[in-house]
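J.: Residue-level listing of the chains:
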Amino acid sequence: GENVEQHPSTLSVQEGDSAVIKCTYSDSASNYFPWYKQELGKRPQLIIDIRSNVGEKKDQRIAVTLNKTAKHFSLHITETQPEDSAVYFCAASKGSGNTPLVFGKGTRLSVIA
Amino acid sequence: DTAVSQTPKYLVTQMGNDKSIKCEQNLGHDTMYWYKQDSKKFLKIMFSYNNKELIINETVPNRFSPKSPDKAHLNLHINSLELGDSAVYFCASSQTNRGTGELFFGEGSRLTVL
Numbered sequence: 001g002e003n004v005e006q007h008p009s010t011l012s013v014q015e016g017d018s019a020v021i022k023c024t025y026s027d028s029a030s031n032y033f034p035w036y037k038q039e040l041g042k043r044p045q046l047i048i049d050i051r052s053n054v055g056e057k058k059d060q061r062i063a064v065t066l067n068k069t070a071k072h073f074s075l076h077i078t079e080t081q082p083e084d085s086a087v088y089f090c091a092a093s094k095g096s097g098n099t100p101l102v103f104g105k106g107t108r109l110s111v112i113a
Numbered sequence: 001d002t003a004v005s006q007t008p009k010y011l012v013t014q015m016g017n018d019k020s021i022k023c024e025q026n027l028g029h030d031t032m033y034w035y036k037q038d039s040k041k042f043l044k045i046m047f048s049y050n051n052k053e054l055i056i057n058e059t060v061p062n063r064f065s066p067k068s069p070d071k072a073h074l075n076l077h078i079n080s081l082e083l084g085d086s087a088v089y090f091c092a093s094s095q096t097n098r099g100t101g102e103l104f105f106g107e108g109s110r111l112t113v114l
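Top line first, the protein sequences correspond to chains U and D. First residue of the first sequence: 1, per my numbering; consecutive thereafter. First residue of the second sequence: 1, per my numbering; consecutive thereafter.
Because the hints were derived from the structure by calculation, they are not lab data. Being a predicted model, the structure only gives us computed values, none of them experimental. Positions of the beta carbon are idealized from the N, C-alpha and C atoms, including for glycine. Keep in mind that a hint or two might mislead.
Here's a subset of chain U near chain D, in silico, CB distances under 7 Å, partners left out [to be verified]:
hint	residue
1	P44
2	S93
3	G95
4	K105
In isolation and in its complexed conformation, chain U is listed as follows (with noise of 0.2 Å):
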């Protein structure tokens, strides 16, 4: 089945600095690519995906970038902000059939002010 790895686990950045998560996945038949954010004691929340027919979508600061060759896909943070400070998971699913979706193990991001 897919596997989702997720780096770094943790990571910290100045107020304004940008901060990138990477993810890889192990199954080439996987077309769709969400990332959840999840602020603390809250419910995780869709913040962007990618479908593998694309290879970069951007929603002002966040922004998604896919290389289905290296079956790898990053999330983009520009200018943060304190609010930005949550767990956020990639995510990879085959899109067929009963497929869930598959999270990475989360990466703790704190923007320190």
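Use these hints to put chain D onto chain U, whose structure you have.
T.: Just chain D now, with coordinates in the frame of chain U:
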């Protein structure tokens, strides 16, 4: 108007007891899930139901028994609770079972087994 709601939010119980967590979604979604989040924050799928039918059962001990009376509800019953069952249990729903749409999570139910 909460999209995915689960109760109770907190559960503290003794080893060996039986407990249930209830989940309801008002999004009209076909697919519902139970995820377990351990102390290291790892989100692991336990079960998935599509239109009341069990479609995913990820090697969960049979002390855990999900039940879906209709496609808007998915409950989780746990027998003979063990210390290792302590975790936050999230219910979630999605429009389809293909894993390519947004997952809407409930607020989580924090289970503590003493």
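J.: Could you tell me which of the hints above the structure violates, numbers in ascending order?
T.: none
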